[in-house]
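Peer 1: Letter by letter, the chains look like this.
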Amino acid sequence: MGGMTNYFIRRILLMIPTFLGITIVFFFILQIVPGGPLEQELMKLRMGAAEMGGEGAGGGAGSGFGDVAIPEEALEEMKKFYGMDKPIHIRYITWLWNVVHLDLGNSYVYSEPVWDTIKTRFPISIYYGLFGFILSYSLCVPLGVFKAIKHGSKFDTTSSLLVLTGYSIPGWALGAVLLVLLGGGSFWSVFPLGEFRSEGWEDLAIGAKILDQFYHSVLPLVAYTIGSFAVLTVLMKNSLLENMGQDYVRTAFAKGLPEKRVIFIHALRNSLIPIATNIGQLIGIFLAGSYLIEKTFNIDGLGMLGFTSILTRDYPVTMGFLVIAGIIKLLGNIISDMTYAAVDPRIRFK
Amino acid sequence: MTKPEITEYKSESLMVKRIRKFRTIKRGYYSFIIIIFFYALSFLSPILMNYKALVISYNDKLYFPVFKYYPSQTFGQDRYGEADYRTLKQQYKFAGDGNWVIMPIYPYGPYESLTDPSSEPPNEPSLKHWFGTDDRGRDVFVRLAYGFNISLSFALIYVTIVFIVGISIGAALGYYGGKLDMYAQRFIEIWAAIPFLYTVIIISSILRPNFGLLIFVLSLFGWIGMTYFIRGEFYREKAKDYVHAAIAMGASDLVVIFKHILPNSLVPVITFGPFAIVGAISALVALDYLGFGLPPPTASWGELVGQGMSNIFSWWLVVFPLLAMVVTLLMVVFIGEAVRQAFDPKEFSRLR
Numbered sequence: 001m002g003g004m005t006n007y008f009i010r011r012i013l014l015m016i017p018t019f020l021g022i023t024i025v026f027f028f029i030l031q032i033v034p035g036g037p038l039e040q041e042l043m044k045l046r047m048g049a050a051e052m053g054g055e056g057a058g059g060g061a062g063s064g065f066g067d068v069a070i071p072e073e074a075l076e077e078m079k080k081f082y083g084m085d086k087p088i089h090i091r092y093i094t095w096l097w098n099v100v101h102l103d104l105g106n107s108y109v110y111s112e113p114v115w116d117t118i119k120t121r122f123p124i125s126i127y128y129g130l131f132g133f134i135l136s137y138s139l140c141v142p143l144g145v146f147k148a149i150k151h152g153s154k155f156d157t158t159s160s161l162l163v164l165t166g167y168s169i170p171g172w173a174l175g176a177v178l179l180v181l182l183g184g185g186s187f188w189s190v191f192p193l194g195e196f197r198s199e200g201w202e203d204l205a206i207g208a209k210i211l212d213q214f215y216h217s218v219l220p221l222v223a224y225t226i227g228s229f230a231v232l233t234v235l236m237k238n239s240l241l242e243n244m245g246q247d248y249v250r251t252a253f254a255k256g257l258p259e260k261r262v263i264f265i266h267a268l269r270n271s272l273i274p275i276a277t278n279i280g281q282l283i284g285i286f287l288a289g290s291y292l293i294e295k296t297f298n299i300d301g302l303g304m305l306g307f308t309s310i311l312t313r314d315y316p317v318t319m320g321f322l323v324i325a326g327i328i329k330l331l332g333n334i335i336s337d338m339t340y341a342a343v344d345p346r347i348r349f350k
Numbered sequence: 351m352t353k354p355e356i357t358e359y360k361s362e363s364l365m366v367k368r369i370r371k372f373r374t375i376k377r378g379y380y381s382f383i384i385i386i387f388f389y390a391l392s393f394l395s396p397i398l399m400n401y402k403a404l405v406i407s408y409n410d411k412l413y414f415p416v417f418k419y420y421p422s423q424t425f426g427q428d429r430y431g432e433a434d435y436r437t438l439k440q441q442y443k444f445a446g447d448g449n450w451v452i453m454p455i456y457p458y459g460p461y462e463s464l465t466d467p468s469s470e471p472p473n474e475p476s477l478k479h480w481f482g483t484d485d486r487g488r489d490v491f492v493r494l495a496y497g498f499n500i501s502l503s504f505a506l507i508y509v510t511i512v513f514i515v516g517i518s519i520g521a522a523l524g525y526y527g528g529k530l531d532m533y534a535q536r537f538i539e540i541w542a543a544i545p546f547l548y549t550v551i552i553i554s555s556i557l558r559p560n561f562g563l564l565i566f567v568l569s570l571f572g573w574i575g576m577t578y579f580i581r582g583e584f585y586r587e588k589a590k591d592y593v594h595a596a597i598a599m600g601a602s603d604l605v606v607i608f609k610h611i612l613p614n615s616l617v618p619v620i621t622f623g624p625f626a627i628v629g630a631i632s633a634l635v636a637l638d639y640l641g642f643g644l645p646p647p648t649a650s651w652g653e654l655v656g657q658g659m660s661n662i663f664s665w666w667l668v669v670f671p672l673l674a675m676v677v678t679l680l681m682v683v684f685i686g687e688a689v690r691q692a693f694d695p696k697e698f699s700r701l702r
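The listed protein sequences correspond, in order, to chains A and B. The first sequence finishes on residue 350 if you use this note's numbering, and the numbering steps up by one all the way, no holes. The second sequence finishes on residue 702 if you use this note's numbering, and the numbering steps up by one all the way, no holes.
Each hint should be verified, as a subset may be incorrect.
Claimed, not checked - Per the computed footprint, the stretches of chain A lying under chain B, defined by three or more beta-carbons under 8 Å from a beta-carbon of chain B, are:
#1 17–29
#2 91–104
#3 163–173
#4 292–299
#5 302–315
Unchecked claim - Taking lysine-lysine and the DSSO-like style, the derived pairs with C-alpha atoms no more than 27 Å apart in a straight line are:
#6 B:K418 / A:K150
#7 B:K376 / A:K154
#8 B:K588 / A:K154
#9 B:K609 / B:K588
What the hints assert, rightly or not - Counterexamples of contact, computed for chain B against chain A with all Cβ distances above 12 Å:
#10 Y379
#11 K411
#12 Q441
#13 N560
#14 F625
Don't read these hints as lab results, they were simulated from the structure. C-beta atoms are modelled at their ideal positions from N, C-alpha and C, and glycine is treated no differently.
Extracted from the complex, chain B is given alone in its bound form:
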């Protein structure tokens, strides 16, 4: 028996159209490309910014210290522990007996104290340290770069979790309605009235949080916003014919919720994504600033600002991290603005 040929209706055509629209909005589209590029690049930070040499040729043998630890004696240096690769490079150059060292482009690490006997850290920006050093003599530029990766990863993971939880709960409430909805709404009302940043500070002041715990605690409060939108969408969609048709054909609740209704209710999810990321990054920076964020010595923007406020003469500790944050947030906001225009366009008709 041959099945009759069914021309499949491509339901993503609307999606394709929206994405095409998004790409025409230059400011948002380019911000998107730039952010993705730098985020991908930031995973390569260990080979772009590090105090460990990339390649060493010593007595005609190649070594790759970035990936492996060598005691300094391996390279003819007489230090305790690991070799000082920056000095090593100078030594080899000076000796001129065919050994060489290739350092990363920016040869300083994020946790390395670059104390210099001639001056006390924090040090001003210089050619060696583009954005200066912090109060422990660590290079600010490197810490900002590592912090970019951490902030964005933090925000992306947080937003994913919050959306999954928010969508599931919102969908259940909107789809089943009734008593479940009523009780859950009361609960959400209480939960939403809790001043969440304050709570996070209380919890952080007691349990020294790490990356995972901080995401967990923030997620405890973050899921609420999304439930409102999804619940509303599901209420509206539930009454439509295609849902009745699906139910009549014997589709289970889960299939109806996730396969039929959800794809039609994704607009608020997508349009709120970028703004949720903005919220997550600023919350993380604020918590780090207050000293209740990621544990030291994590490279963090907020922690640098905190240092800057207690060393008011070290302007570079305040200006550069906040500049990094604002530029990042602004680009994400541009993306959000473009996404909203593409997915949920608001046309205002002006009569005159």
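Same shape as in the complex, but just chain A:
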């Protein structure tokens, strides 16, 4: 077991250079490119000053746009606020130092610690992540098993068509179509037009709360599920089929075991291994939330936050989002490998 422990310690240590690599790339992209928060702020000030000046002078000697002088001190102050008064590598090191001390900085837009901004989005992500996860596994695993047992049958070929279609539809696209058809815009009004919950949800009775939440979640959950539907079903099917051709299955049949027992007790257990290793990605539920789906359904989740932070040039939030996303993704990979090693005794990492 020593080799394995070593392996995972090495893997966890390898996260450090990877983490540094990702954050350096993003930090430099965000800081070097024009149109950053400081420029935007300055532009706003200039526009404001130009407008006010125009009013005061009654449009007389229009002093022109943009050459409104901003006091040197104010400029310095602003530079300091955005941390632009130091060279970029110093800024990165300062930022990193703070991150190591669990301080992601303050959001420019929300004027609160980045962590607090991100934290409030977690419930939405976990909600969709968890239910989407449960839904797709409870749908895809049985379907994959059934398709493998009935390999080559009519059911298998027709459901394959369904799976391929599912593969060709991005989740957000299906969501958009369903929303237009069922959201009451043009045709039937079955489900609400997006949002996480209705307004005034807090004041509802408990039964109504659950019902409201349910109505709001149906379409987004379908959109989330379709994303992994095809891959997971095919993975399950192929995995079981592969095991059905193995010698140990031959042995089981040879000693006269009934087919059901061979499939469900012997073959299925081994074929669940690649599925089980996906469990590591379960940690991803904290982050679940594609901004495409959230934008489509107007859900104010984590993906949306990361997306709008780019638009509003709220770079501390962008970086904070990336830090958390990066760590969760890297940890997920390691947990996946650990599960793999735990479930399958043949696997030895070194």
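Add chain B to chain A, keeping to what the hints say.
Peer 2: Frame of chain A, contents of chain B only:
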């Protein structure tokens, strides 16, 4: 001196066999033919769907406005700028003095605002505009058709670049191995951990991307997937006898890599091609949907969906573009499935 007759061994015979197998898989083969046909046809869009007349006979002289600009006065119209050819056709018909106009089959252009004083765009599908018009009054059907060409061209160019880069790097790593491989692997690990769509959005939000820049930015991240497969293939092939033989005969590294090993390692390249195209098209549609894709007024599927989501009553802006995308992607997936069956068949032996 006469050279002894050498019967050349045809190494493509396996390839021929695979292609023959591919052609027997009907769903994929027909999808392939249909896609190729429509893609070729889509290059003719300017003469199939346009607001400019194909041929005009005016006072016994022929004009070809599709290919050349004429001021409206040329044809006796009194407008500022170019003639309104659709009206012109009606005028000539009404006047009946031997002049005539031949319009394209679908006489609307992709950038033309067809505003109608009686109603505000977007307009519902009608006989005139099969899929309706968008929020600037442009014909959705025409924009979908032009968008098909752009999406597919985008995907094909992107996949070609990504494959060339991915294959070269993967081949180098697999062939030379050693330190180069180790350092490059670490680098790739970092690079692969970067959330790429997010990065593309950041870059697009700052530099207004055009077709080339968007392909470049996507390619920066897209090449990684292919390197894994090619690297693995090269590791395996490198140890085989024919490679040792080639090296012993004095073949240079480049010759060994590209002439000897590469043709034997192409299976993953070919089988992943269609799926890479699917990925590229959906990425482009998603970026256009978010507003970080091709610059306006490029005809784009994703941009129409974006409009549709802000005009929720205009279902045709969402349903038709996404239908176009799904049908296209589904056909490419069919091709991919057939290619995989033909090139890399997986036979499952079922014992009972």
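Peer 1: Please list, smallest to largest, the hint numbers that this structure does not respect.
Peer 2: Those not satisfied are hints 2, 6, 8, 14.
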